[in-house]
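There are 2 protein chains.
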Amino acid sequence: MEEQNHIASAFDRDLEAVQAQIMKMGGLVEDAIRLAAKSLETRDEPLAEQVRAADTAIDVLEAEINEKAARIIALRAPTAVDLRMILSVMKISGNLERIGDYAKNMAKRTSVLSQMPPVNDSTGAIRRMARLAEEMLKDALDAYIRRDADLAADIIARDEELDQMYNALFREFLTFMMEDPRNITACMHLHFIAKNVERMGDHCTSMAEQVTYLVTGAHPDEARPKADQTSLNPRG
Amino acid sequence: MEEQNHIASAFDRDLEAVQAQIMKMGGLVEDAIRLAAKSLETRDEPLAEQVRAADTAIDVLEAEINEKAARIIALRAPTAVDLRMILSVMKISGNLERIGDYAKNMAKRTSVLSQMPPVNDSTGAIRRMARLAEEMLKDALDAYIRRDADLAADIIARDEELDQMYNALFREFLTFMMEDPRNITACMHLHFIAKNVERMGDHCTSMAEQVTYLVTGAHPDEARPKADQTSLNPRG
Chain A
1 MEEQNHIASA FDRDLEAVQA QIMKMGGLVE DAIRLAAKSL ETRDEPLAEQ VRAADTAIDV
61 LEAEINEKAA RIIALRAPTA VDLRMILSVM KISGNLERIG DYAKNMAKRT SVLSQMPPVN
121 DSTGAIRRMA RLAEEMLKDA LDAYIRRDAD LAADIIARDE ELDQMYNALF REFLTFMMED
181 PRNITACMHL HFIAKNVERM GDHCTSMAEQ VTYLVTGAHP DEARPKADQT SLNPRG
Chain B
1 MEEQNHIASA FDRDLEAVQA QIMKMGGLVE DAIRLAAKSL ETRDEPLAEQ VRAADTAIDV
61 LEAEINEKAA RIIALRAPTA VDLRMILSVM KISGNLERIG DYAKNMAKRT SVLSQMPPVN
121 DSTGAIRRMA RLAEEMLKDA LDAYIRRDAD LAADIIARDE ELDQMYNALF REFLTFMMED
181 PRNITACMHL HFIAKNVERM GDHCTSMAEQ VTYLVTGAHP DEARPKADQT SLNPRG
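So the sequence lines, in the order shown, correspond to chains A and B. Note that the working numbering numbers the first sequence so that position 9 is 9, with each residue one more than the last. Note that the working numbering numbers the second sequence so that position 24 is 24, with each residue one more than the last.
Simulated from the structure, these hints should not be mistaken for laboratory data. Treat the hints with care, since some could be wrong.
Same chains, same names: a pair is fine if it fits in one copy or spans any two.
With a Cα cut of at most 30 angstroms, we get these calculated DSS-like pairs of lysine-lysine [claimed, not checked]:
hint, residue 1, residue 2
1, K68, K38
2, K108, K195
3, K68, K195
4, K91, K195
5, K195, K38
6, K108, K91
7, K38, K138
8, K68, K24
9, K24, K108
10, K91, K38
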């Protein structure tokens, strides 16, 4: 503790470096969401293949970020707020990796769906859902870097909109399937994709909750037991 | 490095303590899988509610394990193999948390499906899938504790069986829906659940891959770029 200022600034530089990697990873994931939705709508298989291939780079970045964060913890032995910040790096890289996976899974279905007749404007509706998810992600990354609790609260609110879009689409798929059984297989795949986009929103919400936690020290979800929050305080 | 033996044994004690928590978490997740499948098959809503409630305990354990692992890294500054072992604790707790989430999501659908006519033996088929996933999980935890690469390889092979069960069930759902449109809504939910169980298997595979990595130092998936593996070696 004698070298508090020196240690703090070295820690801050380390944290900034690993946060820069988070932003790079976030940019790749934003691209993956947008291009996966585009490949689905335009039935562009080479583009879908590009999205699937790009997921490897996202996974590699996650591994690098986690190792870098572990090295920072080992080197700087941060406590309290600093430890909370470096652990949030690991959490957020995990969220980004999962969103990237969903985009990859979406792109995987492009080739299957390209061989089936289109189901109304379903892929357009999914693209609109994906655009909302992409904006939520962009804002979640901004909120994270700027430690902006207001923006984080806004993202959490927007997730309900995405859920409603998903629910509306789910009911539409049921209708299309009942109207014409030839739609069933395509709708099963489309439903799967819509659910994946809805889950992207859940991960953006989880990122926003991390931001709230960093800024206020409290999780937005008050229903959670306090044990896992207070235990971040240094013991003894 | 002068105190290598002293440091190593203190680290080993810390690692053992956090691994014991992993086993406790694993036990809760095994229960969640089994009881979620049972609640679905027997239409037991109170049991489903119990599974949903138990997920909070799993989430709390994950947070505790990750914080404990971070403290061990901060305190012991492990490198090379030790760092790899402590990072695997975080990876595996993440896999367990996700499997627990899938079980919770499964239990959430019990109340919806209880209000619909049963679709053949679908919930029985899902219970059989869930039993396979539960056995994979149990073995993945054993393989992890015993650092058993052979058992890990066996788990990875069994995941194909689970994938095949899912694919067969997917085709069955398509048939049921085409035969009778009144099955469509229930089949949409059942498909969702089957997919979640299939994903549990993916996470057991990921755990088994972590074991292989701990034992051999190489990821089973040779297609992955080497960068994220070799970077675990201490630099300088």
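Each hint, compared with the structure:
no.	hint	result
1	K68 / K38	neither (34 angstroms within a copy, 42 angstroms between copies)
2	K108 / K195	both (14 angstroms within a copy, 15 angstroms between copies)
3	K68 / K195	neither (33 angstroms within a copy, 34 angstroms between copies)
4	K91 / K195	both (22 angstroms within a copy, 25 angstroms between copies)
5	K195 / K38	both (17 angstroms within a copy, 24 angstroms between copies)
6	K108 / K91	both (26 angstroms within a copy, 25 angstroms between copies)
7	K38 / K138	within (18 angstroms within a copy, 41 angstroms between copies)
8	K68 / K24	both (15 angstroms within a copy, 28 angstroms between copies)
9	K24 / K108	within (23 angstroms within a copy, 36 angstroms between copies)
10	K91 / K38	within (28 angstroms within a copy, 32 angstroms between copies)
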